[in-house]
Amino acid sequence: EAGVVQSPRYKIIEKKQPVAFWCNPISGHNTLYWYRQNLGQGPELLIRYENEEAVDDSQLPKDRFSAERLKGVDSTLKIQPAELGDSAVYLCASRHRQGELSYEQYFGPGTRLTVT
Amino acid sequence: AQKVTQAQTEISVVEKEDVTLDCVYETRDTTYYLFWYKQPPSGELVFLIRRNSFDEQNEISGRYSWNFQKSTSSFNFTITASQVVDSAVYFCALMNRDDKIIFGKGTRLHILP
Chain A
1 EAGVVQSPRY
11 KIIEKKQPVA
21 FWCNPISGHN
31 TLYWYRQNLG
41 QGPELLIRYE
51 NEEAVDDSQL
61 PKDRFSAERL
71 KGVDSTLKIQ
81 PAELGDSAVY
91 LCASRHRQGE
101 LSYEQYFGPG
111 TRLTVT
Chain B
117 AQKVTQAQTE
127 ISVVEKEDVT
137 LDCVYETRDT
147 TYYLFWYKQP
157 PSGELVFLIR
167 RNSFDEQNEI
177 SGRYSWNFQK
187 STSSFNFTIT
197 ASQVVDSAVY
207 FCALMNRDDK
217 IIFGKGTRLH
227 ILP
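Protein chains in written order, with this note's numbering: chain A, 1 to 116; chain B, 117 to 229.
Okay, chain B solo, but in the shape it has when bound:
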């Protein structure tokens, strides 16, 4: 069975602090895809990143970085020098080869000015 766990329900940090959102997944597939989506108050999910199971390279995009570790089945997301506009709910998701995608329950991030 597939499962995505985002243990942090809600996080609050002061602007300019770094923050890491955790994501742990379970799957028996050897080929799978991991995603992060951002859901701002407007409600629309915004795609941030996709990573396939064969690519364990970490990725950096501006203030965002992702740490994929197959050994611990984790795909964590770090925001450096957070800004108020980063406040949103962030979802981690897992998709297998059958195109079934499972979302975690999300982490609500509050960036305090």
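Isolated chain A (complex conformation):
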């Protein structure tokens, strides 16, 4: 079974430029998460989707961040415009939410963003 796929793996942009990250979750996983991980910290949730619905976006900086999961499968996270403080690793995770036995999240390799 293929894992969570993310692209690109690395991205370097200048501040004020836009950037987008793509995530394809594990097949059949209806819950998708985007996290941001700053250096030396644990992942912090940005947004959670149940199918195509964003059920928790309370931590998403909506002035510059946006996300979509139009068909309830893959998802895109966008930053526009990027700021220096956005430099971090952006992680995508997915989970099959059905029943007690399925609470583990499976993570992708992440996209390391550097804003210069």
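Derived by calculation from the structure, the hints in this document are not laboratory data.
It should be emphasised that the depicted structure is a prediction, and the values quoted were computed from it without experimental measurement.
Do not rely on the hints blindly, as some may be mistaken.
Said to hold, decoys possible - Listed next, with one range per pair, are the computed distances between beta-carbon atoms:
1. B:176 x A:104: 16 to 24 Å
2. B:186 x A:27: 35 to 43 Å
3. B:131 x A:2: 30 to 38 Å
4. B:163 x A:72: 21 to 29 Å
5. A:104 x B:224: 16 to 24 Å
6. A:17 x B:162: 17 to 25 Å
7. A:58 x B:130: 39 to 47 Å
8. B:216 x A:17: 27 to 35 Å
9. A:7 x B:123: 46 to 54 Å
10. A:104 x B:118: 14 to 22 Å
11. B:196 x A:52: 41 to 49 Å
12. B:228 x A:52: 47 to 55 Å
13. B:129 x A:74: 39 to 47 Å
Don't be surprised by glycine CBs; every beta carbon is placed ideally from N, CA and C.
Put chain B on the given structure of chain A with help from the hints.
Chain B alone, transformed into the frame defined by chain A:
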């Protein structure tokens, strides 16, 4: 409020030694889930274990073992006979019934040959 504390920022041990990674959590929920994840240098978080709040049985998986104690709100992780491949950052995490998951800041483990 929920909180996960991993007080050990970095640990170094010599190969074959045992090492315990501490995790203390705070939550007002009676139903919750605890996790440990491993993040090797490649960056991908690897799921290790999930434990729900009603199951205080300790678990052993090969060289890994977990000690869950609700009385002290701790969920510690022990690696027995450590190996160089165990070198990574280890995260403890807490999830409540609303599916909000909080990660600790992680413990960087160095296994020295």
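Hints not upheld, ascending by number: 6 and 9
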